[in-house]
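Chemist: Top line first, the protein sequences correspond to chains H and B. If you're matching positions, the first sequence starts at 40 in the numbering used here and goes up one per residue. If you're matching positions, the second sequence starts at 16 in the numbering used here and goes up one per residue.
Accuracy of the hints is not assured; some may be wrong.
[What the hints assert, rightly or not] Pair by pair, the computed Cβ-Cβ distance ranges are:
| hint | chain 1 | residue 1 | chain 2 | residue 2 | range |
| --- | --- | --- | --- | --- | --- |
| 1 | B | 279 | H | 382 | 27 to 35 angstroms |
| 2 | B | 263 | H | 100 | 22 to 30 angstroms |
| 3 | B | 164 | H | 329 | 29 to 37 angstroms |
[To be verified] Here are the simulated lysine to aspartate or glutamate pairs, EDC-like style, with alpha carbons at most 20 angstroms apart:
| hint | chain 1 | residue 1 | chain 2 | residue 2 |
| --- | --- | --- | --- | --- |
| 4 | B | 100 | B | 79 |
| 5 | B | 340 | H | 381 |
| 6 | B | 54 | B | 91 |
| 7 | H | 326 | H | 304 |
| 8 | H | 321 | B | 79 |
| 9 | H | 326 | H | 381 |
Rather than coming from a laboratory, the hints here were simulated on the basis of the structure. Each residue gets a CB set at the ideal place from its N, CA and C atoms; glycine is no exception.
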Amino acid sequence: MRYVLHADMDAFYASVEQLDNPKFRGEPVVVGGSETSRGVVAAASYEAREYGIRSAMPMATAIRLCPRVIRITPRFPRYREVSNQVMRIFSELTEIVEPLSLDEAYMDISKESLDAFNLEDIGSSLKSSVKERTGLAITVGGGTSKTVAKIASQMAKPDGLLLIRPGYEQSFLNPLDVGLLWGVGPKTESILKQYGIDKIGDLADRDDDWAYRILGRRGKELRLRALGQDYSEVSTSRETKSVSVETTLTEDIIDPAILRSELRDLSDKLALRISRNGLRFKTVSLKLRLSDFTTFTRQQTLNYNTDNADTIFELSMGLLEKEMKPGLEFRLLGVSVSGFQESGQLVLFSM
Amino acid sequence: MKLSCLQENLNRGLALVSRAVATRTTLPITQNVLIETDKSMLKLSATNLELAVTTWVGAQIEQEGSVTIPARLLTDFVGSLPNDKIELEQTSRPAGIHFKCARFEAQINGTESSEFPPIPSVEDGVAALIDPQILRTAISRVALAAATEETRPVLTGIKLEISGQQFTMAGADGFRLAVYKGPLIEPIEEDIEAIVPAKTLSEVQRLLGDQEEPAKLMVTPSRSQIMIHLNNIEVVSQLIQGTFPNYSQLIPQDYTSRAVVDLQEFTRATRASSIFARDGGGIIRLHIAPGSDSSPGKISVASRAEESGDNHGDIDASVEGEESKIAFSARYLTEVLGVLGRGEIALETTTASSPGVLKPIGSEDYVHVVMPMFVQW
Chain H
40 MRYVLHADMD
50 AFYASVEQLD
60 NPKFRGEPVV
70 VGGSETSRGV
80 VAAASYEARE
90 YGIRSAMPMA
100 TAIRLCPRVI
110 RITPRFPRYR
120 EVSNQVMRIF
130 SELTEIVEPL
140 SLDEAYMDIS
150 KESLDAFNLE
160 DIGSSLKSSV
170 KERTGLAITV
180 GGGTSKTVAK
190 IASQMAKPDG
200 LLLIRPGYEQ
210 SFLNPLDVGL
220 LWGVGPKTES
230 ILKQYGIDKI
240 GDLADRDDDW
250 AYRILGRRGK
260 ELRLRALGQD
270 YSEVSTSRET
280 KSVSVETTLT
290 EDIIDPAILR
300 SELRDLSDKL
310 ALRISRNGLR
320 FKTVSLKLRL
330 SDFTTFTRQQ
340 TLNYNTDNAD
350 TIFELSMGLL
360 EKEMKPGLEF
370 RLLGVSVSGF
380 QESGQLVLFS
390 M
Chain B
16 MKLSCLQENL
26 NRGLALVSRA
36 VATRTTLPIT
46 QNVLIETDKS
56 MLKLSATNLE
66 LAVTTWVGAQ
76 IEQEGSVTIP
86 ARLLTDFVGS
96 LPNDKIELEQ
106 TSRPAGIHFK
116 CARFEAQING
126 TESSEFPPIP
136 SVEDGVAALI
146 DPQILRTAIS
156 RVALAAATEE
166 TRPVLTGIKL
176 EISGQQFTMA
186 GADGFRLAVY
196 KGPLIEPIEE
206 DIEAIVPAKT
216 LSEVQRLLGD
226 QEEPAKLMVT
236 PSRSQIMIHL
246 NNIEVVSQLI
256 QGTFPNYSQL
266 IPQDYTSRAV
276 VDLQEFTRAT
286 RASSIFARDG
296 GGIIRLHIAP
306 GSDSSPGKIS
316 VASRAEESGD
326 NHGDIDASVE
336 GEESKIAFSA
346 RYLTEVLGVL
356 GRGEIALETT
366 TASSPGVLKP
376 IGSEDYVHVV
386 MPMFVQW
């Protein structure tokens with residue numbers, strides 16, 4: 040029987056800061072750029088969340104909600120170090136660990152959990168190992184699929200443990216909001232709600248054809264997840280699928296010359312990063328956020344692979360120019376490249 | 016119009032012009048052949064509006080005239096006739112031609128010749144004379160490097176530069192570049208520069224057949240058309256407008272490794288590897304190793320198929336410089352070796368991700384630059 044754990048480090052960046060600086064413990068702490076540099080909240084401690092502060096919120100809003108909040112500039116090298124420590128503890132439990140980000144991972148413990156009666160032991164000893172060796176609290180969810188494990192950990196936060204026994208997937212999922220399903224964003228959720236689908240169980244009750252008609256190929260997949268039937272494997276080697284860089288501008292920008300020079304910097308930074316890893320891309324995507332927070336991406340694909348900075352710049356600039364309209368102000372620019380290949384034709388000159 | 020000619024001659028003439036007949040068109044008359052009397056000859060013309068081909072067939076003219084006839088029907092019908100005398104008589108209602116050959120008779124309906132698009136003539140302008148054998152070689156060696164996709168139209172053309180006693184043709188599709196330089200029969204007074212569709216030149220190469228008379232190239236003063244005059248054939252083509260890449264700066268001047276090999280051996284090893292490369296991303300890997308006192312240098316030509324296996328073949332090479340590894344597209348390598356024929360060639364390389372250069376030994380007339388593929392070695 041397959042069994043998957045999803046472990047999530049609670050308020051990770053903020054917790055690391057509270058761990059390293061005892062005076063921050065018990066205080067509302069947020070990690071992120073300053074409000075004057077138009078920063079956003081990357082992580083908020085549970086104390087800060089009580090004020091309604093959430094991650095991805097503009098820093099200025101967070102400070103308005105809680106004027107005495109302690110803001111800390113992110114220290115990514117330190118977070119990476121702590122993350123590595125935690126991941127090492129995970130890999131002592133099972134060799135099949137799939138890190139999703141610095142603070143999240145899936146683990147396949149099918150082999151370790153042959154005797155399903157010791158599931159609770161596995162989960163609680165994992166939590167206590169992490170607590171003892173790093174001082175951090177984690178939440179662990181478990182189930183027979185990634186979907187169930189991840190939703191379980193979301194439900195159990197913070198410092199929780201929720202393991203769904205095999206056979207109980209549907210009774211666990213059915214009463215939950217459909218928006219909790221991986222792959223159901225705000226847009227899909229509003230489509231589903233129009234059809235009276237509020238809970239995961241409502242989606243599970245519909246048939247495949249219906250799901251296909253409403254949401255296309257993705258619909259069938261979502262319905263299977265709603266049934267707790269998600270067969271995707273915990274994969275240890277995650278290929279790099281895309282590499283991205285972005286910048287939140289210091290103020291909303293209309294001036295094409297400034298956008299151009301920002302894009303030039305991003306392109307150079309991105310090219311450096313991928314060429315260090317020996318990657319060559321085929322697709323360039325441009326991410327734009329307007330002053331009203333509308334966010335969208337545009338992309339273009341070449342008929343060859345390259346790691347050239349000028350190509351990133353020219354393609355992304357071309358995409359940006361199509362979007363520039365009088366009066367539109369941009370607050371964020373991002374560029375990402377994808378479509379990496381192990382081999383491909385190099386170009387003599389760009390066409 | 017009333018005339019007679021030999022089936023063999025008419026058949027050959029129709030075969031020459033038929034390649035210029037439009038296939039997909041919004042102007043149906045371009046699917047016809049224009050048939051007209053021209054002094055004591057029968058003149059056949061076809062055009063797809065980009066390319067026009069005209070040829071002349073010996074005939075006995077009794078009465079002048081002109082009409083257009085569906086090309087496909089006419090070519091197929093004439094091709095099916097015995098090699099005998101054909102009598103053609105123009106009919107006016109409906110416009111067409113009545114054919115008589117041995118005991119066969121046919122009426123083919125067509126359209127008035129006045130509706131046929133005018134075929135531009137290039138009367139004035141500087142003319143360059145090129146030996147037909149040299150022109151054929153030049154076209155065959157550069158046309159392969161031209162782009163076939165229309166994403167950047169200038170790259171579907173061949174850059175032609177004629178100056179002094181020499182002409183240069185260059186083709187480049189972004190991945191490779193081929194440059195051929197050849198002599199003119201007599202010096203030209205004024206320079207010519209044009210981008211000629213590679214398709215036009217490939218037709219010219221075909222039409223040249225085994226003719227021995229020099230080919231005459233002329234460009235209109237407006238630089239919008241080129242006329243290439245062959246023996247008994249006139250080709251007029253639109254030129255491509257735009258700026259061709261400055262290719263001379265794309266030709267590497269240095270190398271760190273230079274291998275000279277027998278072309279036929281290299282071709283054989285490359286063909287064998289291409290078979291495996293079909294299921295392996297089309298990649299051919301070359302390992303160039305200098306020789307020592309006791310053993311000659313070599314190029315190892317290798318490829319891997321995804322699941323079915325791999326191969327490698329060694330060929331002797333005199334290698335100057337360093338040991339090197341480089342991977343090429345099987346198609347690009349096969350194509351360039353295919354147009355080089357016999358003799359020896361030099362392969363010059365610098366790094367696995369910088370362009371490789373192929374040059375025939377013993378002549379300075381041709382350079383082929385090909386960009387490698389990046390691979391996991």
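Chemist: Could you work out which of the previously given hints the structure breaks and list their numbers from low to high?
Modeler: The structure breaks hints 2, 6, 8 and 9; every other hint is satisfied.
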